[in-house]
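One line per chain: the protein sequences are A and B, in this order. Following the numbering used here, the numbering of the first sequence begins with 5 at its first residue and continues without gaps. Following the numbering used here, the numbering of the second sequence begins with 5 at its first residue and continues without gaps.
None of these hints come from the bench; they were simulated from the model. Honestly, I wouldn't trust all of these hints.
[Unchecked claim] DSSO-like cross-link-like pairs, simulated, lysine-lysine; straight-line CA separation at most 30 Å: (1) B/K212 - A/K137; (2) B/K103 - B/K212; (3) A/K64 - B/K137; (4) B/K64 - A/K137; (5) B/K137 - B/K64; (6) A/K137 - A/K64; (7) A/K64 - B/K64; (8) A/K103 - A/K212.
[Said to hold, decoys possible] Under 8 Å between C-beta atoms, here's a sample of chain B residues computed to sit facing chain A: (9) F135; (10) K139; (11) N186; (12) A221; (13) R227; (14) T262; (15) L263; (16) R270; (17) M299; (18) L302.
[To be verified] Only part of the chain B face toward chain A is listed, based on derived beta-carbon distances under 7 Å: (19) S140; (20) Y143; (21) A145; (22) A148; (23) G218; (24) G220; (25) P224; (26) W238; (27) R239; (28) V240; (29) L265; (30) G287; (31) I289.
Beta carbons are placed, not taken as given, at the ideal position from N, Cα and C, and that holds for glycine.
Protein chains: 2
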Amino acid sequence: MSEYRALRQRYSLLELCRTPDLATEVTLQPVNRIDVDAAILFSDLLLPLEPMGIRFDFIKGEGPAIENPIQDAGDIARLRRFEPRESLSHVLDAIRQVKQALDGRVPLIGFAGAPFTLASYAIEGGHSNNFAKTKSLMYGAPDAWHRLCELMSDLVADYLAAQIDAGVDAVQVFDSWVGQLNARDYREFILPHSRRIFDALTPYDVPKIHFGVGTGAILPDIREAGGDVIGADWRVPLDEAWDRIGHDRAIQGNLDPTLLLGPIDRLLDAADDVLARVGGRPGHIFNLGHGILPMTSLEHVQLLAEHVHRRTTQ
Amino acid sequence: MSEYRALRQRYSLLELCRTPDLATEVTLQPVNRIDVDAAILFSDLLLPLEPMGIRFDFIKGEGPAIENPIQDAGDIARLRRFEPRESLSHVLDAIRQVKQALDGRVPLIGFAGAPFTLASYAIEGGHSNNFAKTKSLMYGAPDAWHRLCELMSDLVADYLAAQIDAGVDAVQVFDSWVGQLNARDYREFILPHSRRIFDALTPYDVPKIHFGVGTGAILPDIREAGGDVIGADWRVPLDEAWDRIGHDRAIQGNLDPTLLLGPIDRLLDAADDVLARVGGRPGHIFNLGHGILPMTSLEHVQLLAEHVHRRTTQ
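Isolated chain A (complex conformation) (with noise of 0.2 Å):
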């Protein structure tokens, strides 16, 4: 969007996200242009990382750099617990600018990120083709790993909570690359720690949404992890992924979101696939499988929208 690219010109991605005043605005942009039906906070996953001592920040066209990346138990120990309502008001914050200038118009969900992708950023030092770092430590210090993955849930857990008590009215655990895992190692060394956060989160009566890429093969662990809404990205039938995870379960997903970089025909007739395998259940969030991406036009995200409502009020 050419407003948030000009507001990019004068601010860091993370000035935009430490300024409350920015992050609203960023926040509501797509809110304004596009025929959404939730906000989505504008943040990163990242940012619980710098009060736990982890520091980091964005080179530009390369992603997340971390300063201090975590190479063993010692980095491990040393790591710093901090209160989200603290150290994080600044999302706060932003979360109540946000609804009081949505004044109810749309939904606000808000985020953060799993055990196992923040732990591999904190661990690889930026993004990773193989996670030969992260699983290295896993595999080889099971204990520190499992040290590090309660500290970060119950951090996460807190962040939420707090997000929560600020006015979101849903949140998303972003477990991006644990599709990484398979049910084995997902079992062993992430399921208990997601579980952690969802049942943390339980008196909190918001929908909770737990995604992943990639995770066809472990869609019914993920399940049994928590989350009333199971994100599935495009790889897997939206049927057959839903079979698998349980219809007692909301889905979101699955559009690939590179098909909004090619032809509008192709684009709504994916689109119109997916809806065709939800059948017209309830309990399906119409959604991309992973983030938009940088070069997509506007206009096609706006017919997706227009699209995707007039299919589903029919």
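Mind docking chain B on chain A? Use the hints.
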């Protein structure tokens, strides 16, 4: 392996690939140090790009970098058809030298990239996380996409036929990144081209292996495209993967290569899990689910190979 690193001090990756004496030496290194059942030719997936007119090099720490990536239908129209027996004769010379040096000790596996993977490097200009440019061209210019894949599959089929004539005992078709696609896109954009390769190789009586990563959702489609042996990465349990492929095909896999970076007991335990899922049925090739990682210790690989042999000859 230290002997490989010593060679890399003196020669670039492409020099090793293009010099038959050196490619032979590197191919034999693991055979001489690890109790493996086959040698795999030392080569690179990208070699066929250059005689097509796509220039590339390998940048230290970053992987392949294409000088003139494909951007549109015009670039595809300018690609050259070539005769692998001439332009890639150095690979065929290496095969003949390796076969002579092996003297029947173990069979030799040749390989080539498959259309999606080759095209994605040519279009993205290197590694990609989201394959946005590749899919953009695929969705937006399907005719040009199919022309590109037809050319590539013809060349790959010729190249593999030439490798078989030069002496390889089996061929592997690497569609490493095709797990980015769902079945709908795979069937429209890839399956006809991959099938073209396997169909062309039908007269050659050697086993053909069809490999990809993250392909859990499209294993039946990959099987339909062709291959006597279908590769499965570590995300899907081997017995489930085999059920989905069909037991009239052999299966290759499926240990997570990062397990080699962890402690021995966990590595061997995971190998036992794979073997338990095979359940003694014939038609399983024990292998990693993806390439070996550079930081892997030789000792771990040696112990793994010995362990699998001990377990499977009991």
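Do the hints match the structure? See the list:
Among the hinted pairs, B/K212 with A/K137 is inconsistent with the structure: their alpha-carbon atoms are about 33 Å apart, more than 30 Å. At most 30 Å may separate the alpha-carbon atoms for a hinted pair to count; B/K103 and B/K212 meet this at roughly 18 Å. A C-alpha spacing of about 19 Å is found between A/K64 and B/K137, which places the hinted pair at or below 30 Å, so the restraint holds. With a CA separation close to 19 Å, the supplied pair B/K64 and A/K137 stays within the 30 Å bound.
Between B/K137 and B/K64, the direct Cα distance comes to roughly 24 Å. Compliance with the 30 Å bound is thereby established for this hinted pair. The straight-line distance between the Cα atoms of A/K137 and A/K64 is roughly 24 Å, inside the 30 Å bound, and the hint therefore holds. Taking the CA atoms of A/K64 and B/K64, the gap is about 21 Å. The hint holds against a cut of 30 Å. Distance check on the hinted pair: A/K103 and A/K212 sit about 18 Å apart at the alpha-carbon level, within 30 Å; holds.
Checking B/F135 against chain A: minimum C-beta separation of about 7 Å stays under 8 Å; hint holds. Against a cut-off of 8 Å between C-beta atoms, the interface hint on B/K139 holds, since the closest Cβ of chain A lies about 4 Å away. Given the 8 Å rule on beta carbons, the hint for B/N186 holds: about 5 Å separates it from the nearest Cβ of chain A. A cut of 8 Å between beta carbons decides the hint on B/A221: the least distance to chain A is about 4 Å, and the hint holds.
Contact between B/R227 and chain A, as hinted, is not supported at the beta carbon level, the nearest pair being about 17 Å apart and thus beyond 8 Å. With a least beta-carbon distance of about 4 Å to chain A, the hint placing B/T262 at the interface is held under the 8 Å criterion. The beta carbon of B/L263 comes within 6 Å of a beta carbon in chain A, closer than 8 Å, and the hint placing it at the interface holds. Because the smallest distance between the Cβ of B/R270 and any Cβ of chain A comes to about 5 Å, under 8 Å, the interface hint for this residue holds.
With a least beta-carbon distance of about 7 Å to chain A, the hint placing B/M299 at the interface is held under the 8 Å criterion. Taking 8 Å as the C-beta contact cut-off toward chain A, the hint placing B/L302 at the interface is violated, the least distance being around 16 Å. For the restraint placing B/S140 at the interface with chain A, the shortest Cβ-Cβ distance is roughly 4 Å, inside the 7 Å limit, so the hint holds. The criterion of a C-beta within 7 Å of any C-beta in chain A is met by B/Y143, whose closest approach is roughly 3 Å, and the hint holds.
Because the beta carbon of B/A145 sits about 9 Å from the nearest beta carbon in chain A, more than 7 Å, this interface hint is broken. For B/A148, the shortest C-beta to C-beta distance to chain A is roughly 13 Å, which exceeds 7 Å, and the interface hint is violated. Among the interface hints, the one on B/G218 holds; its C-beta lies about 6 Å from the nearest C-beta in chain A, closer than the 7 Å criterion. At its closest, the beta carbon of B/G220 sits 5 Å from a beta carbon of chain A; the interface hint therefore holds under the 7 Å criterion.
Against a cut-off of 7 Å between C-beta atoms, the interface hint on B/P224 is violated, since the closest Cβ of chain A lies about 12 Å away. Interface hint at B/W238: satisfied, since its Cβ lies 5 Å from the closest Cβ of chain A, which is below the 7 Å cut-off. With a cut of 7 Å, the hint placing B/R239 at the interface with chain A holds, because the nearest CB-to-CB distance is about 4 Å. Because the beta carbon of B/V240 sits about 5 Å from the nearest beta carbon in chain A, less than 7 Å, this interface hint is met.
For B/L265, the shortest C-beta to C-beta distance to chain A is roughly 4 Å, which falls under 7 Å, so the interface hint holds. The restraint placing B/G287 at the interface with chain A is violated, with a minimum CB-CB distance near 21 Å, outside the 7 Å limit. Because the closest C-beta pair between B/I289 and chain A is about 19 Å apart, greater than 7 Å, the hint is violated.
Of the numbered hints given earlier, the model fails hints 1, 13, 18, 21, 22, 25, 30, 31; all others are met.
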